[in-house]
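> One letter stands for each residue in the lines below.
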Amino acid sequence: MSARWDAVVVGAGFAGTLVAHRLGAQGWRVLVLEAGRAAPTGAEASAAHRAAGGGPPTSPYPHSPEAPSPDVTDLTGLPEGGFTATGHLRQHGPLPYASGYLRANGGTGLLWTGLTPRMHPEDFRTGDLGHGRNWPIGYHDLEPHYRAAERELGVAADAEEQRDAVGLPIPDDYDFPMRAVPGSFLDRQLARALDGRTVRDPAMPGPARLAVTGTPHARNGVPTRPGSAEGPLCAGSAGCVPACPTGAKYTPLRTQARWAAGVELRTEAVVSRVFADPETGRAGGVEYLSGGSAHRVEADLVVLAAHAIENARLLLLSGLANRSDQVGRNLMDHPALLTWGLMPRPVGPYRGPGSTSGLEAFRFGPGRDRRAPFRIEIGNWGWSWAGGAPEAEATALLAAGVRGKELRERLGDRLGRQFSLQFELEQPADPANRVTLDPDRRDPLGLPGPAIRYDLSDYVREGMASARAVSDQLFALLGAEDHTAYPAGGWPGRLEHRGAVHGYRGAGHAGGTHLMGDSPATSVVDHWQRCWDHPNLYAVGCGSMPSLGTSNPSLTMAALALRSAERMHRDLLELRRPAAVTPPLVVTPPVVTPPAVVTSPTTVRTPESPESPSPSESS
Amino acid sequence: MSVSDERPADVDPAVGWDPVEGFEADELADLDEFLRVCAELTGFDVPELRATGMAHEHHRTTLAHRVRDEHALLHLWYVGAWPGEAPSSARAHDQGLVWRTFHASPPGAAAPGHGSWAEAPPGAEAPPGAEAPLGGAGRGGEGR
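Residue numbers (the working numbering), protein chains in the order written: chain A, -3 to 615; chain B, -17 to 126.
Mixed in with the good hints, there may be bad ones.
Label pairs and their computed distance ranges (CB to CB) [to be verified]:
no. : chain 1 : residue 1 : chain 2 : residue 2 : range
1   : A       : Arg196    : B       : Arg42     : 58 to 66 angstroms
2   : B       : Val49     : A       : Ser55     : 26 to 34 angstroms
3   : B       : Pro29     : A       : Ala392    : 41 to 49 angstroms
4   : B       : Gly95     : A       : Ala481    : 33 to 41 angstroms
To list a few chain A residues with every Cβ distance to chain B over 10 angstroms, as calculated [unchecked claim]:
no. : residue
5   : Asp67
6   : Leu74
7   : Arg464
8   : Thr480
None of these hints come from the bench; they were simulated from the model.
This structure is a prediction, so every number in the text was calculated from the model and none was measured.
Backbone N, C-alpha and C define an ideal beta-carbon position, used for all residues, glycine too.
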């Protein structure tokens, strides 16, 4: 069976959903193939997670046996150091890639934390700074698309604060769609103790000045103008991961609800191969497995948006786009060094979003020559990420035989003063960190599974040493008791550097596996995220990023996707405008030259008007 | 038989059960007696336990287990689940006493309102003289 589409998008997560939305809005017929299953609502997922008494972040979502997802619980630290890994990702070390992702409709965007800081202008020039790769575009190329993404996702932030405290060039007349989400009581306590003070980062020539700074969120604050918010105000359920129970956090499902009629979603459709013409390089479509059989769809444009690791896997499975030998290489994440302790007085943890503010001084500047930069998130949810959730604390005290009023008081005192700091470090692109196809192991559909080789360079380790030195000084300024410890059994991500032990978690920010560049010899995609070797094959998402900087990358991924969607639209229009002589069909697209008809073996397509389905759509 | 043998020697058993043997089969059959024992164990008084709405459900869960000891009862009330089992319901999890010890709710269980997280929690009254910021704008604070 064969059907022809204007575009086929592989993956219904963040990037794929946005691309499909934009192409659909411009009248193109788009088929979205999602390997995983349909997702429950946030309220349902939250309730399921609580009914199970917790569990890893992907646990309340349906897992398709045919499209397995990795989760953090696949990793186990060994008592004598090192780790083992089970599940979807085969890990060759030496260190673990410590993040999971979710293959389901909405993707990992269902369970993301919802923080949306922009990248800093410096982050696009990391190669010039001596580590990793440069982007082929800069902050200013992306800036209008950042604004578009902030509109699409519904971002709450204070533009003036982002300009002053982070140094982001943002147009003077720009308002985020929503006012900043209020900082937590904990943020206020930290601001009181830290603002205006300095600490010494051993890698920086001078002292670093501290300023607790609000973080942009894609969760609903008070709208700055009528109609600039969709969904309810964030009500402080403090359950953003794995699911916002009220719908205040953006997920791709919100955009999907706005898809035009010309966008069709098929779930449990696992794409196994992209096919391309060996002569011209043009992609012809994809093959997918569903319901026990293989299906082939043809499209003028193929867009891979399946997650950095799955995109690379699919390109490798297809034998495409790899003239540079960079497909699957340069795998990056944000290793997150956690430190945690007790504040002198109750701070009210486990209220509000997971993090509402941070410390930005270590993200840019001269220290970057010597160690990986980092952004410090102030953690509102106690020690939960470090592994000390309240249930675990209670269980420990119960096991110690504490009973009655003493139990109640000791738990209340300890839990009420918990806080954590999360140092998210930049990891530069390194071709040795890579995704390959496992020669020995196939997934339930018989497709070779992804295998990972991953390490952290001395530059990142030096960043950890700086982070810990800064943390020690912050704890001293706060008068806080430091309870940080990385016992081998509980920390699969654990390393020793210059005599100190550091533990890290994965922030879930996979990138780099099909990175963009300005040469087909050294990069996989161009700055439009279009494969150099295949003019109508795009690979979108964090996999295209040559550096991740220190920002949670979903906003940047969204900005890139929206930018690429403009290019895709132009590509499709150009395809419709060859030397054809027949008159234009039915409708005229906005702005651009009226499309002519191109002959095609099955159907003839022009874009519909952006606002409504065209009469020709029914054909 | 499961035992609570980690009890330190200096903790005086407050009520008259044998901590090694656990509870007799019919000892907790009466709801009021069950709550009295649980109040002593948990440090939450009987009205507080009843106010969780979990008295009957936890009583039923307890009676469904042949072997009952202090540790299991405490785990049930504090975490919302019999040891080694999933919670008897989402509500059992949400009403876990561990969260009440510091006036919080489990993630996702409550919706206390926009900006509620900026307010001081009980017991957080600032020490004298701490109202004036030490410097800087304190932009991480409330009202942004």
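> If you check each hint against the structure, which ones fail?
Per hint list: single violation, 3.
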